[in-house]
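From first to last, the protein sequence lines are chains V and B.
According to the numbering used here, the first sequence holds residues 1 to 90 in order.
According to the numbering used here, the second sequence holds residues 1 to 178 in order.
In silico BS3-like pairs for lysine-lysine, Cα to Cα no more than 30 Å straight-line:
| # | chain 1 | residue 1 | chain 2 | residue 2 |
| --- | --- | --- | --- | --- |
| 1 | B | K97 | V | K76 |
| 2 | B | K173 | B | K155 |
| 3 | V | K76 | B | K89 |
| 4 | B | K173 | B | K148 |
| 5 | B | K19 | V | K76 |
| 6 | B | K54 | B | K37 |
| 7 | B | K155 | B | K168 |
| 8 | B | K54 | B | K42 |
| 9 | B | K34 | B | K49 |
| 10 | B | K139 | B | K173 |
| 11 | B | K34 | B | K54 |
| 12 | B | K139 | B | K153 |
| 13 | B | K97 | V | K58 |
| 14 | B | K37 | B | K19 |
| 15 | B | K94 | V | K76 |
Honestly, the hints are just simulated from the structure, not real lab data.
Computed from a prediction, not measured in an experiment: that's the story for all the values here.
This is what each chain is made of:
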Amino acid sequence: MTTQDQTELLDNEILLVLSANNTRYGLEVLPIIVFLRPAGLRPLTNHVLDRMEYLTDKGLVCEVAKTIGKSNRAWKITDAGRDYLDQHNL
Amino acid sequence: MSVPTKVNVRAVLHNLPAKTQTAIMDYLEGNPQKGLKSHTYKETLAWLKESGIKTWARSLYTFRGWFHMQEQLLANAAVTESLIEVGRKEGWIKTAKMEAALTQIFFNRLALQQQDLTSWRLMQQMNLGKEKVALDERKVQLDLQKYKDQTDKTKAAVSSPELTPEEKEARIKEIFGI
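So that you can see chain B by itself, here it is in the shape it has in the complex (with noise of 0.2 Å):
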């Protein structure tokens, strides 16, 4: 359940009716289910500047935050929410205190999961990051091996004294595969 909540006057995005925030995020980090692709700060702050939301980077990378956050909290308490009413329904939540009590427990206990989630995410992109670097490493030396023997060959064709000249030319062809 969301309570309506004063936003902050001066933070120009904060301001902004969800819909532009989710439309402002939509832009900024891409939405693949909209066919959307993701944009750096620049591009975005350009686009909010042609929309006529004059803001700056700190706002904005300050306003991700908290917009992420804030998403992030009202699914938790939605998620609470059924808990507790699942609880009621099962019979282990029985008077008024207890279920006060737990929604609190609830609430706090699944911030502090989603947290270790995205910790474990970013951890795993991190991982999959080295991974895609060791294996470009491994095309590059690859690639470094194939060129070496290529030259070798062709050193040892151009200077093969039982090739005539068509023959050479046509070793070489061979080597490049042209």
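Bound conformation, chain V alone (with noise of 0.2 Å):
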């Protein structure tokens, strides 16, 4: 599996993740990592950071309003996040 692969791997199950919460709340990335496990990716926190940016420039996620300091950034799925996960059946 190249680098590459690997990175669309964690892409799509960042994106899982955040589709099965369906409440008003965004997931901070501690938790994403932890809710990551199950699939078997142990992401350093830094390297998730940096998903979330790339996916949020995507427009596949988007931060929550960041009410209180750059250290709890929260990230909630958009509808275009969900129309990907159709679109690659996942």
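Given two chains presented individually in distinct reference frames, assemble the corresponding complex, making use of the accompanying hints.
Right, here's the structure in full:
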């Protein structure tokens, strides 16, 4: 599996985790990492933060209001993110 | 508070009504409260096929994890709401900004705490499993020892020149508790 494949797998799993969050709250990076464990993924925090930036730029996830500070950033999946999961049969 | 969301169109199990999803999980994992026993993935897939739902093991596995994650997050959201309600009543949440910040913190800390508990539970189950294996091993050792003792006593009884055949038979019956 190439690095690109691994990154795509991580992106997909992040989106799947966020898609399970049918609440009005966003998920912070640590809970996301913890929820990635059952999929066999143990990425570093900085790596996940990079992916969150990428997915945000792509419009697949959005950051919820930054009410506290940089350390408490949280994300939710967007409709485009759910469409992406649909298109990739995930 | 849950927000209605669009589910994956092609992910068959994710698209089913909540009641059906719960029924599938009950069948797969069992539900003692409803008197239902658990089933293997293979059995569950066959049961789903009978019900007209065609899916495959990987989807079922993914769905299982997703379902639990969703349930947990919804439960965490409910607990968060309760905590915020208490905070409002007791007056330690004063502004809307503070409330928004705390809800986010509570929700995420609960998710982490829950996962820690899950890991702890798994660890306990593993330890219990190890203890059970150790007990089983001890039982096998005791059985082997008992068998060896019985064999030795039988040999001694059979080879004893002082006993008559009837006495030997009686002795063997006694050794084996017949």
